[in-house]
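These protein sequence lines are chains A, B and C, in that order. Take the position in the first sequence, starting the count at 1, then add 87; the result is the number in our numbering. Take the position in the second sequence, starting the count at 1, then add 87; the result is the number in our numbering. Take the position in the third sequence, starting the count at 1, then add 87; the result is the number in our numbering.
Just so you know, not all the hints are guaranteed correct.
Heads up, the list lumps identical chains together, so a pair's fine if it works in one copy or across two of them.
To be verified - In silico DSSO-like links for lysine-lysine, alpha-carbon gap of 27 angstroms or less: (1) K126 - K93; (2) K237 - K126; (3) K283 - K117; (4) K93 - K245; (5) K237 - K178; (6) K93 - K117; (7) K117 - K178; (8) K283 - K178; (9) K283 - K245.
By construction, these hints were calculated from the structure, which means they are not laboratory data. Note that this is a predicted model, so its numbers are computed, not measured.
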Amino acid sequence: MAWNRKHLLDIESLSADEIRLILDTARAFKAVGERAIKKVPALRGKTVINLFVEPSTRTRTSFELAAIRLSADVINFSTEASSFKKGETLKDTARNLEALSADIIIIRHSAAGAPHFLSRVLLASVVNAGDGAHEHPTQALLDIFTILEKKGRIAGLKVTILGDILYSRVARSDIWALLKLGAQVTLCGPPTLVPKTFEQMGCRVTHDLDDAIRDADIINLLRIQHERQRKAMFPSLSEYTSLYGLNRARLAITKPDALLMHPGPINRGVEIDSESADGERSVILEQVTNGLAVRMAVLFLINGGVGPQEIAA
Amino acid sequence: MAWNRKHLLDIESLSADEIRLILDTARAFKAVGERAIKKVPALRGKTVINLFVEPSTRTRTSFELAAIRLSADVINFSTEASSFKKGETLKDTARNLEALSADIIIIRHSAAGAPHFLSRVLLASVVNAGDGAHEHPTQALLDIFTILEKKGRIAGLKVTILGDILYSRVARSDIWALLKLGAQVTLCGPPTLVPKTFEQMGCRVTHDLDDAIRDADIINLLRIQHERQRKAMFPSLSEYTSLYGLNRARLAITKPDALLMHPGPINRGVEIDSESADGERSVILEQVTNGLAVRMAVLFLINGGVGPQEIAA
Amino acid sequence: MAWNRKHLLDIESLSADEIRLILDTARAFKAVGERAIKKVPALRGKTVINLFVEPSTRTRTSFELAAIRLSADVINFSTEASSFKKGETLKDTARNLEALSADIIIIRHSAAGAPHFLSRVLLASVVNAGDGAHEHPTQALLDIFTILEKKGRIAGLKVTILGDILYSRVARSDIWALLKLGAQVTLCGPPTLVPKTFEQMGCRVTHDLDDAIRDADIINLLRIQHERQRKAMFPSLSEYTSLYGLNRARLAITKPDALLMHPGPINRGVEIDSESADGERSVILEQVTNGLAVRMAVLFLINGGVGPQEIAA
């Protein structure tokens, strides 16, 4: 199959084949990352702009490195020093960046739908690097890539997502990707953060941690998103930890080969203890490494790249 | 003619021929921007430092991209993280950057004359990216470039600059450039922001909007510069808009081919309504695109470039 | 001799031969900085991350340019926008950067020992760009490089370090480097900032300025480190200046060829007056230029470079 999209806005609108093409392309780029010189000329002379309206180091740096390794020129647009203070609209800011002949604009924004909006008003390609509590598609792609690399398949796997589902764009993107590729998805956490309405997406919802993790092949923890919670959704962090925090005792009931994932940054001692985060079953740092390959693949494909065969050549 | 200057500090001291040489060179670089690979090796191995002591994204990004496209290495010097907090003088900071073998220092500063001061104490080339309410020469050059591209000439054109003239470095640079190239310049706005003293520069001053725009070939709007006004110079934004804001009704009396310009960022609904800002006569985004070409030309010439013939070759 | 270290963490653990190898390599890189195209391909395709947890422009920019001139890809990790706000540990942040396949992590941190800690938990190379009041090894190396260039030797020279020794990582690194290479080191300043305990390192300690500078070949001034002093260590800045500030009258008693050094940024009128800072004996700006060459040498060697013969080739 061939890639025909100009933007990467969400996982919801991708087909299973499109997801697979990104993953195959990412696999070829991961091999590039193991060479002595980790660069390819695919985006030479192209301009990529990181428009991060919400603070982020991890994701911004990953996209920046991905673009650099494709030989693109990358500009970081810092909101601190930006025209937003002067009252300019997002649309005007983005159209100005485009007028500087940006080829690809990577946007993170606190408003759900901001990347979709930009994709309708710009000629440049748009990549969603996280929009409000809506989607974070490259995070889901790197999660799927990591699972596939470790387990060899997605279809039929039991994947539990644990924590603050309601406010999590990572959860929404993961759910879409996992279901499209045939996994069984269980969501778990306090009722205020994991409402039953998620069953309508095709997930199982439980508020019982043991029930959620006992048979899981993958346990994907989410960070407690203080910054996106407008009011307290649970009594205290320590109560959350006592009910849903992962630790050695709790992991004792899980399958021995169940993997632990986390999009980072980790709150050690809150959603997971250090022993588990650093243990053999944790693939948290591999997720970071795979994120770079996945983001190279996304930038490559939306820039007109054909697929993995082109990279090997 | 040949370029003989090491710095670009203002428009006031340039000859009409020097302005034309920059514009001709910018035209060649605009063509480079339309190639698949938008880079030329002219400044390879040279170090360009963006020393922005006042916040700016738009202009800093434009200079950064201009330098990157010339293959220079660019360092952004952020004032937030700077030694200014530790009490270092501007001169010491700039001499330290020069000691790191900076070839070109691009400076924006809230103090009028800061670039001229640096040009006297440094061996590196200095480019003024806006100094207080004094000058913003590359903005004027991109304005002139845009007018010339659209109208084919500058001499004899009627150009109206509208808004906060008193506090505007853009207005001062535009006035110098327009008058040197033979345009007729009208300034308009509230008496507190457009004092009669500007007539001494050779401009017409009026406080009547209809009078200012009726015969204009070009209407160049300025942003209301809240940040540079120490006391209120007009009763309220809404009063400003009711008297001087551009909208469809007011534009009805203008020439059908009059162009609308604005240095950005736009305050939509204040100095201009959205319909007019986004209408056919608006060249606001083309100004941004042309700014990149003009800044490439300036960096190229002060680095010893000869002229447009060199770029085509 | 050959370089065998993966990290540059301090001067204390280096041998005199290792220091000399860095200096010889830096000399070759200084020659590169005088070419028209100041770049070499030594680190092409390598990723260098500037992890500056304490604000710094001078040192960060110097390392950034050093890496760029070696053709590395450089990412600046800003603490403002960082995950530290979200409660991530330094170890997790650094391991995440490493998972993005950083080859070299340059760290500045307010906690003494932070680079050593990272070197134990990371596979990447670590360079100490200043840790608390502990060490700032590349500053000492550039100081030694500058002295050697001017005086032709270190052994037997009388070097006076003047000012806030107690809180100065520069002083500690300088002392180690100078003593290892055979200089005689005198420390001078108010008793609260220059305690007698430094005699145990092998230095002479005096609180009498004339005694400290009369026979010195080198007078190395330190900045008064307001930000690292938790309580007032002397009555006032003006009292400090009256007792220990350098000026023309005081320099009259020194050797005519004694050099003045300062790591910057200078507090003009506090530790030194402007006439002396800008005078013929001042090598302050040469220190900055040499810092770039020394940092190129450090990055080159820890990346596996053999020595100066490789650069000339």
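The hints, checked one at a time:
no.	hint	verdict
1	K126 - K93	both (23 angstroms within a copy, 23 angstroms between copies)
2	K237 - K126	within (26 angstroms within a copy, 41 angstroms between copies)
3	K283 - K117	neither (38 angstroms within a copy, 57 angstroms between copies)
4	K93 - K245	neither (33 angstroms within a copy, 43 angstroms between copies)
5	K237 - K178	between (41 angstroms within a copy, 25 angstroms between copies)
6	K93 - K117	both (23 angstroms within a copy, 25 angstroms between copies)
7	K117 - K178	between (35 angstroms within a copy, 24 angstroms between copies)
8	K283 - K178	neither (36 angstroms within a copy, 37 angstroms between copies)
9	K283 - K245	within (19 angstroms within a copy, 67 angstroms between copies)
When each numbered hint is compared with the structure, violations occur for hints 3, 4 and 8.
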